[in-house]
Amino acid sequence: MSAVVPVLDVVRAGPATTVQDLGRPGLAHLGVTRSGAADRGALRLANRLVGNPEGAAGLEVTLGGLAVRPSADVEVAATGAGCPLAVDGRPVGRNAVVHVRAGQVLTLGTATAGLRCYLAVRGGVAVPPVLGSRSRDTLAGLGPEGLRDGDRLPVGAPPPGPPLVDLAPVTDPRSGEVVLDAVPGPRDDLLPTALVDRLWAVRWSVDPASDRVGVRLALPHDSVQDGADPAAQAGAGSVPSEGMVRGAVQVPPSGLPVLFLADHPVTGGYPVAAVLLDASADRAAQLRPGQPVRLRTVRP
Amino acid sequence: MTDRRLHVCGDVGVLVDAGPDDVLPLHAGLHRAWTAGGAPDGVLDLVPAERSLLVVLDPARTDVARVSAWVRSTPSEPVDDARTAEVTVDIRYDGEDLDAVAAHAGLTVAEVVAAHTASPWRVAFTGFAPGFGYLVGGDPRLAVPRLDTPRVRVPAGAVALAGRYCGIYPRPSPGGWRIIGSTDAVLWDVDRDPPALLRPGLRVRFRAVGR
Numbered sequence: 001m002s003a004v005v006p007v008l009d010v011v012r013a014g015p016a017t018t019v020q021d022l023g024r025p026g027l028a029h030l031g032v033t034r035s036g037a038a039d040r041g042a043l044r045l046a047n048r049l050v051g052n053p054e055g056a057a058g059l060e061v062t063l064g065g066l067a068v069r070p071s072a073d074v075e076v077a078a079t080g081a082g083c084p085l086a087v088d089g090r091p092v093g094r095n096a097v098v099h100v101r102a103g104q105v106l107t108l109g110t111a112t113a114g115l116r117c118y119l120a121v122r123g124g125v126a127v128p129p130v131l132g133s134r135s136r137d138t139l140a141g142l143g144p145e146g147l148r149d150g151d152r153l154p155v156g157a158p159p160p161g162p163p164l165v166d167l168a169p170v171t172d173p174r175s176g177e178v179v180l181d182a183v184p185g186p187r188d189d190l191l192p193t194a195l196v197d198r199l200w201a202v203r204w205s206v207d208p209a210s211d212r213v214g215v216r217l218a219l220p221h222d223s224v225q226d227g228a229d230p231a232a233q234a235g236a237g238s239v240p241s242e243g244m245v246r247g248a249v250q251v252p253p254s255g256l257p258v259l260f261l262a263d264h265p266v267t268g269g270y271p272v273a274a275v276l277l278d279a280s281a282d283r284a285a286q287l288r289p290g291q292p293v294r295l296r297t298v299r300p
Numbered sequence: 301m302t303d304r305r306l307h308v309c310g311d312v313g314v315l316v317d318a319g320p321d322d323v324l325p326l327h328a329g330l331h332r333a334w335t336a337g338g339a340p341d342g343v344l345d346l347v348p349a350e351r352s353l354l355v356v357l358d359p360a361r362t363d364v365a366r367v368s369a370w371v372r373s374t375p376s377e378p379v380d381d382a383r384t385a386e387v388t389v390d391i392r393y394d395g396e397d398l399d400a401v402a403a404h405a406g407l408t409v410a411e412v413v414a415a416h417t418a419s420p421w422r423v424a425f426t427g428f429a430p431g432f433g434y435l436v437g438g439d440p441r442l443a444v445p446r447l448d449t450p451r452v453r454v455p456a457g458a459v460a461l462a463g464r465y466c467g468i469y470p471r472p473s474p475g476g477w478r479i480i481g482s483t484d485a486v487l488w489d490v491d492r493d494p495p496a497l498l499r500p501g502l503r504v505r506f507r508a509v510g511r
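Going down the list, the protein sequences come from chains A and B.
Going by this note's numbering, the first residue of the first sequence is number 1, and it counts up by one from there.
Going by this note's numbering, the first residue of the second sequence is number 301, and it counts up by one from there.
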């Protein structure tokens, strides 16, 4: 007798919810970026809570707005952005194991801090993998499509052994100014000095056009000065196309940096002035539009 | 080997500078060592490009110092034409920029076709989209500048030139390269192993077919 495979019925998909695991490394030489959860640490934590392998697929819920109904009892955990979590309208804890009975509706409200919430279900979201991963690569259009109302997501077989911890003592992503640690280089020497100096000096603002490809930084209105745009200087331009990493701080001719996230292009043609430490790249994935952010130099 | 110029990319990558003709031998050497289990555990990706090769690593399993040492100690592998695989791609020379390319090169259209098919190209690196290869080694007379204004939509299978490169669009996308023809070859198929028709080092021979 085989166990009934639970299904998550998507009652409400939310504005931008995708299936994500830890991506598909090893294919970059064929033009395929790693993709995967934008905040990998948060997905790993959610999986550990429900006793999954760290790389099991879960849901990346941008800004919240998700409602799902399991067809059988499941254990779930939500991490990352501060989305109010409820089962049949009754508030339940985040960063903790939550038992949802068959037919109950689990909702994730609008995030109050951070941008991306991760929902892991014990057994993992078991949609068919593409090239070894269930991640949606939004730039290349690889992997399962973004969630839509009415989707039915199969849940995989539960791993052996019960979850080991009930909750994780983690804090929500910050709401105010965020400081990201970055190592200078590899191509800061190709940029005008004034542009590089500005990178570290300015309190940037997160542009609303940011997505899973990258966080776009804008100058806050109060710091724009007439005729003082260093990007206007000669020297800012393109370089021979070269490999990009998640966390790369790419500076195009506009002088406005882009912090590459999980779905970054495999190669790029603008100088990379600095690269965020891996942990800071996770934190960059939680930045909200308009949020102030500074970059701080660290040694590798 | 120790004269390679390396740059760290945060705690997640090591970027190796290389001349345009040195990237493929460097990639071949590192790729062979990597697939044979000779790389540090935690090397995730090798990304050859125009004048560099990027090694991507998992900082939870290794670090930039160990990967840098591995890169410095791993010999390049000379590219051996006799041992590299070759594919033939059938192309209809019906691209909308074909006349402009001929005019730029000072050739007739027939001479452009002859130059494009005369000798095999080689995949130098990939990028832009899954399955897109930057082909080099063609007739230098075919080097043309990009369009001033990229097209909003280039159809899948378009064969195009830019700078010293030739490329084939794997799927419809915006693009600023000059289109000289089209092919029915499937550049990218996730259900095929490997999914990409073109991979670094592969030789590509173009064959003219009827319009």
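Source of the hints: derived by calculation from the structure; they are not laboratory data.
These numbers were taken from a predicted model, which means no experiment stands behind them.
From the three backbone atoms N, C-alpha and C, an ideal C-beta is built for every residue, glycine too.
A couple of the hints might just be wrong.
Per the computed footprint, the stretches of chain A lying under chain B, defined by three or more beta-carbons under 8 Å from a beta-carbon of chain B, are [claimed, not checked]:
{"hint": "1", "segment": "30-42"}
{"hint": "2", "segment": "181-189"}
{"hint": "3", "segment": "195-209"}
Stretches of chain B that chain A covers, calculated by requiring three or more beta carbons in the stretch to come under 8 Å of a beta carbon on chain A [unchecked claim]:
{"hint": "4", "segment": "381-395"}
{"hint": "5", "segment": "456-466"}
These are the hints, each one checked on the structure:
Given as covered by chain B, the segment 30-42 of chain A passes the check, having 4 residues with a CB less than 8 Å from a CB of that chain where 3 are the minimum. Counting residues of the segment 181-189 of chain A whose beta carbon lies closer than 8 Å to any beta carbon of chain B gives 5, which meets the minimum of three for the stated coverage. With 0 residues bearing a CB less than 8 Å from a CB of chain B, the segment 195-209 of chain A misses the requirement of three and the coverage assertion fails. As drawn, the segment 381-395 of chain B meets chain A at 0 residues by the rule of a beta-carbon pair under 8 Å; below three, the given contact is violated.
Here's how the segment 456-466 of chain B fares: 0 of its residues keep a CB closer than 8 Å to some CB of chain A, so the rule of at least three is not met and the hint is violated.
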